[in-house]
Amino acid sequence: MNPTSLAFGTLKITTPEGITFSIRLAGPLSRGMAAALDFALVLVVCRMLSKGLAPLEAALPDLGAAFGMILHFVVSVGYGMALEWRFQGQTVGKRVMGLRVMDARGLHLTHSQVVLRNLLRVVDLLPLVYAVGGVACLANRRGQRLGDLAAGTVVVSVAAEAVPDVHALGALRYNSFRQYPHLEARLRQKVSAAEANLAVSALLRREDLEEAAAAEVFGEMAATFRKRVRFPEEAEQGLSSEQYVRNVVDSIFRSASRSEGSGLRR
Amino acid sequence: MIVDLKAFLAKEQPSWHELERALDALDAKMLDLGRLEESQRLLLLFERACSDLARMGEGTSEPQTRAYLEALVARGYAEIHSGSGGGRPIRPWRWLMVEFPRAFRRHAWAFGCSALLTVLGMLVGAILLVVSPEGRRVATAPFAHVALQSPSERVASEEKDVGHHRKALEGSASRFSAQLMKNNISVSIKAAAFGMTWGVGTALLLFYNGVILGAVCLDYVLDGQSVFLAAWLLPHGSFEIPAILMGGQVGLVLAGALVGWGTREGLRTRLRAVVPDVATLVGGLSLMLVWAGLVEAFFSQYHAPVIPYSVKIVFGGIECVLLVAFLAWSGRQKRDREDQG
Numbered sequence: 001m002n003p004t005s006l007a008f009g010t011l012k013i014t015t016p017e018g019i020t021f022s023i024r025l026a027g028p029l030s031r032g033m034a035a036a037l038d039f040a041l042v043l044v045v046c047r048m049l050s051k052g053l054a055p056l057e058a059a060l061p062d063l064g065a066a067f068g069m070i071l072h073f074v075v076s077v078g079y080g081m082a083l084e085w086r087f088q089g090q091t092v093g094k095r096v097m098g099l100r101v102m103d104a105r106g107l108h109l110t111h112s113q114v115v116l117r118n119l120l121r122v123v124d125l126l127p128l129v130y131a132v133g134g135v136a137c138l139a140n141r142r143g144q145r146l147g148d149l150a151a152g153t154v155v156v157s158v159a160a161e162a163v164p165d166v167h168a169l170g171a172l173r174y175n176s177f178r179q180y181p182h183l184e185a186r187l188r189q190k191v192s193a194a195e196a197n198l199a200v201s202a203l204l205r206r207e208d209l210e211e212a213a214a215a216e217v218f219g220e221m222a223a224t225f226r227k228r229v230r231f232p233e234e235a236e237q238g239l240s241s242e243q244y245v246r247n248v249v250d251s252i253f254r255s256a257s258r259s260e261g262s263g264l265r266r
Numbered sequence: 267m268i269v270d271l272k273a274f275l276a277k278e279q280p281s282w283h284e285l286e287r288a289l290d291a292l293d294a295k296m297l298d299l300g301r302l303e304e305s306q307r308l309l310l311l312f313e314r315a316c317s318d319l320a321r322m323g324e325g326t327s328e329p330q331t332r333a334y335l336e337a338l339v340a341r342g343y344a345e346i347h348s349g350s351g352g353g354r355p356i357r358p359w360r361w362l363m364v365e366f367p368r369a370f371r372r373h374a375w376a377f378g379c380s381a382l383l384t385v386l387g388m389l390v391g392a393i394l395l396v397v398s399p400e401g402r403r404v405a406t407a408p409f410a411h412v413a414l415q416s417p418s419e420r421v422a423s424e425e426k427d428v429g430h431h432r433k434a435l436e437g438s439a440s441r442f443s444a445q446l447m448k449n450n451i452s453v454s455i456k457a458a459a460f461g462m463t464w465g466v467g468t469a470l471l472l473f474y475n476g477v478i479l480g481a482v483c484l485d486y487v488l489d490g491q492s493v494f495l496a497a498w499l500l501p502h503g504s505f506e507i508p509a510i511l512m513g514g515q516v517g518l519v520l521a522g523a524l525v526g527w528g529t530r531e532g533l534r535t536r537l538r539a540v541v542p543d544v545a546t547l548v549g550g551l552s553l554m555l556v557w558a559g560l561v562e563a564f565f566s567q568y569h570a571p572v573i574p575y576s577v578k579i580v581f582g583g584i585e586c587v588l589l590v591a592f593l594a595w596s597g598r599q600k601r602d603r604e605d606q607g
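If you read the protein sequences in the order shown, they are chains A and B.
Numbering-wise, the first sequence is residues 1 to 266 according to my numbering.
Numbering-wise, the second sequence is residues 267 to 607 according to my numbering.
Some hints here could point you the wrong way.
Heads up, incomplete: computed chain A residues facing chain B, CB under 7 Å, no partners named [unchecked claim]:
1. 19
2. 21
3. 23
4. 66
5. 71
6. 113
7. 115
8. 116
9. 119
10. 122
11. 123
12. 125
13. 152
14. 180
15. 211
16. 224
Just so you know, the hints here were simulated from the structure itself, not pulled from any lab data.
Computed from a predicted structure; not experimentally measured.
Built from N, CA and C at the ideal position, the CB exists for glycine as well.
For reference, chain B alone in the conformation it holds in the complex (with noise of 0.2 Å):
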């Protein structure tokens, strides 16, 4: 087939220049395929577009006129197939109440999965506090102050010099809470970006983790200090481990995907089935590390007798059952009535 190149593009030219010019104007947001004609005419031109390429034929030896139709067809293609879904506004409300739990919910064998493997982790590091010194060492060793105090002399010391303490903290609260916000947020990402490593990164990072959280908490509790413990951790651990958790969630959802079991669809599907709800856990648990690090910093660093224990642990029981039944029941309601609807 002989394409007779200025015969061909005296006539199809002035179509596909309408095409780009319609392209472009869709790329401003100034056509709109709202109205039946508007998309009607786009339809058409692609349409012919796709048949002018068809013509010229695999094995054309004018490249430049086949580039640039093929370029033209696909920006026709990705407008026109691509649907509303990717330009979709998104409703910042409804994604919190409703698409963030559910997609927690989807996905909450993971979160299962995430805890068990923290929770093992803790009794590990439980086990090397109580075996050994050089146990406690290792288990305790990202926080120096744990393994050059005991609990007690900790807790005595921070009860002692309050103003000292909270003079000091007054000064620099802001950063503080900055610098724990950016380094959970990091944690977290890393936690669910390691998934890629078929789960194993993700699987180290929780566990690890669960080891350090164990050995301290153990530790408080063996030395009678179980009750500044709680205080200390449940203000702001009440949102900060469950977010942290929710990266290892993401972490094995992202694992899953990747190995498959239990499905004969290919890799790029099972990927491609997940990615919103990964998305969406990665932003959720984002907004709970900002809350976690603003209460850590303002809140949770306040200890007795400024702000008493029972406050603190009556404070972190309240919103861990917020957490819970947000998580639980938020966005139920709204799915049946349109299932019903």
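Looking at chain A on its own, in the form it has when it is part of the complex (with noise of 0.2 Å):
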């Protein structure tokens, strides 16, 4: 079985224990913004340099500007390498922008995959910004520049993920729906397990919603389940299709919450 695999924008692993999971693919945007940081700060750490070593250059001119001229090469050819290593495939351009390198086989980079894919720049920035290594990016599925195909790496998104708080949902003071109990088990059998799950989803991303595509969600979803089960007229009267969907949320998991178990319904 090949471990990895490809879906749009994502790199499948697959573990020995048989357990499949995707890693996002970092998009040429935001590589090329990383970039454009990184040769920002390299500038200004050479600007630095330079300042630094203007009283040596004063003092002795010829070992000052060897000097000079040493530390910009390591600076520029070394930043990269330096700060991949150090800090587990991340230089500061791809910190800003949420991006990690590592081995395309989902794991930790070695120092020889670091120098590799730092030295064969000079191939992807050929003629101009990035031209050879942009087209190489646009033509392979991984995303990958030169540089990381000989190296065996990607450039993946490492946005933070967090747990989601189903508590924030919060219990409801009053849920209608519960006057109808042969109705909400009606509901249970008729509403998917996606559509449930969609619901849930829908009311923990509440506050990320704007009005109007909050209305249009929920109103949508309110209109599917009332498709399944129709509620008598007094226990919808007042309802925002928001509400609606809270309650159908709450009929259908407060029941199997009562449940003990795996956490799992099938």
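With the hints as a guide, bring both chains together as one complex.
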């Protein structure tokens, strides 16, 4: 079995335990921004070095100039290597943009990989501003420039993920549907798992939605649930679409939460 | 399969958080996986997170929880399955004395091809020099002084105005040395990196270097300045030329992995196999060029009577012998002992 496969914009890795997880590949725009940030930082560092070496250059012009030349070269060639090596695949630009270089098999980077992907930048930069690297990225399903291809690395997006706080949904003070347990039971039968989980997901993201978008999303959901089970008019009276969806979720999951077990309902 | 998210999270979240804390501690080098109980606990938490991810299923409509779990499993997977290779500290002396010469010998064929391409270029450069003045101008284009002066004239001026020449050198030797190191390392890195053009760029670069080298050398030889040429080139060239050939060697190794003649392994596997040696060779050749830059600026540029030519030639010869011996034998005995062990 191939331990890695590709879906659109993601790299799927299958572990020896048989678990498949996906890693989001970085897009060309965010990579370009990170590269621009790193380039600017290298320029600033080189400028600071020049200023720092000014006294030495005044006292010993030849030695000062030689030091300056070597340090500029070391910083420009070694910046990416040193930072990716030290900070597990992140330079300052990549950190700001939420990117990380990693082994294409999902493992940690080795020293050799870091050195090689940075050395081959000289080809990727040709003829100007990452033209070769950019074309290679677009032509490659993993978004690998030539340096990444040779070193077996990918650049991935590492936006921090948090566990959803379902408790944030809170318990409803009053759910008019509870007065109709037989309809609630029918609701649990008629509403599919995907629809129920989608409703939870939408409620958890309520604060991220614009008012108009929220009205549209919850309106469509309420309409779908209404088609499944029709509650009496007095139960629905005065309910907004969002409150309707909250009632539905409460009716479905309240019952499920009562049942002890693995946390899964089949 | 319906995930009762509230119950599921309430039950599993503590172990996810524990795994997250353990991974954070590993990142901060505050967790020692050498201790059995800690590594067992980490493995248990990782397997539990894997199991939870499997239970959530592919088609879950709770993408946020799945994304969190995937990120957690990805981190755990990298820690548990990477082994110690990536984080193993580098031992510079062993790297220099054992790994570098071994990497060189493993890919000696590529060094041979690199040398052959350069020699071909030298032959073409020599022919260009001999056939016509136009050929001489083309072959020695990067060195204006070669085109303007005959070798004898240049040698005479170097030897005549020793005091002025020495003073000029002493005022800029460090800068000159740094410039040489920078340029030579850049050229070698390019020769290596152009391997990704299936070796075409590497071959062209080596051939072109050969053309210039062949033309300049023959120019001095034909003008009766062989001793000056040897004394000028040998001290730094005995390291500089092999280092640039090594750059070509790296490029050809990469090209060989790209082309993949005689192997059924996939492209990624072939490339992965050469990555450590490629990085080692580039590191080694960079060190060689640092030495060559120092010698060229502080030694090679001083001609007789300041430094007799015989001294320079003997010095360059000794360097050559030491380099050949180092690349041919260093690290061999140790490997044999390890094999026996």
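Against the structure, the hints come out as follows:
1. About 4 Å separates the beta-carbon of residue 19 of chain A from the nearest beta-carbon of chain B, less than 7 Å, and the hint is met.
2. Checking residue 21 of chain A against chain B by beta carbon gives a least distance of about 4 Å; that is within 7 Å, so the hint holds.
3. The interface hint given for residue 23 of chain A is met, as the beta carbon of that residue sits about 6 Å from the closest beta carbon of chain B, less than 7 Å.
4. A least Cβ separation of about 4 Å between residue 66 of chain A and chain B falls short of the 7 Å threshold, and the interface hint therefore holds.
5. For the restraint placing residue 71 of chain A at the interface with chain B, the shortest Cβ-Cβ distance is roughly 9 Å, beyond the 7 Å limit, so the hint is violated.
6. Contact between residue 113 of chain A and chain B, as hinted, is supported at the beta carbon level, the nearest pair being about 6 Å apart and thus within 7 Å.
7. Interface hint status for residue 115 of chain A: upheld, as the beta-carbon distance to the closest one in chain B is roughly 4 Å, under 7 Å.
8. For residue 116 of chain A, the suggested interface contact is upheld, since its CB lies about 5 Å from the closest CB of chain B, less than 7 Å.
9. Interface hint at residue 119 of chain A: satisfied, since its Cβ lies 6 Å from the closest Cβ of chain B, which is below the 7 Å cut-off.
10. Checking residue 122 of chain A against chain B by beta carbon gives a least distance of about 5 Å; that is within 7 Å, so the hint holds.
11. For the restraint placing residue 123 of chain A at the interface with chain B, the shortest Cβ-Cβ distance is roughly 4 Å, inside the 7 Å limit, so the hint holds.
12. Residue-level restraint check for residue 125 of chain A is violated (minimum Cβ-Cβ distance to chain B is 10 Å; threshold 7 Å).
13. Interface restraint check: residue 152 of chain A against chain B, minimum CB-CB distance 5 Å, threshold 7 Å, status holds.
14. Look at residue 180 of chain A: its Cβ only gets to about 22 Å from chain B, farther than 7 Å, so that hint breaks.
15. At its closest, the beta carbon of residue 211 of chain A sits 22 Å from a beta carbon of chain B; the interface hint therefore is violated under the 7 Å criterion.
16. The closest approach between the C-beta of residue 224 of chain A and any C-beta of chain B is roughly 13 Å, which is over the 7 Å cut-off, so the hint fails.
Hints 5, 12, 14, 15, 16 from the list above are not met by this structure, while the remaining hints are.
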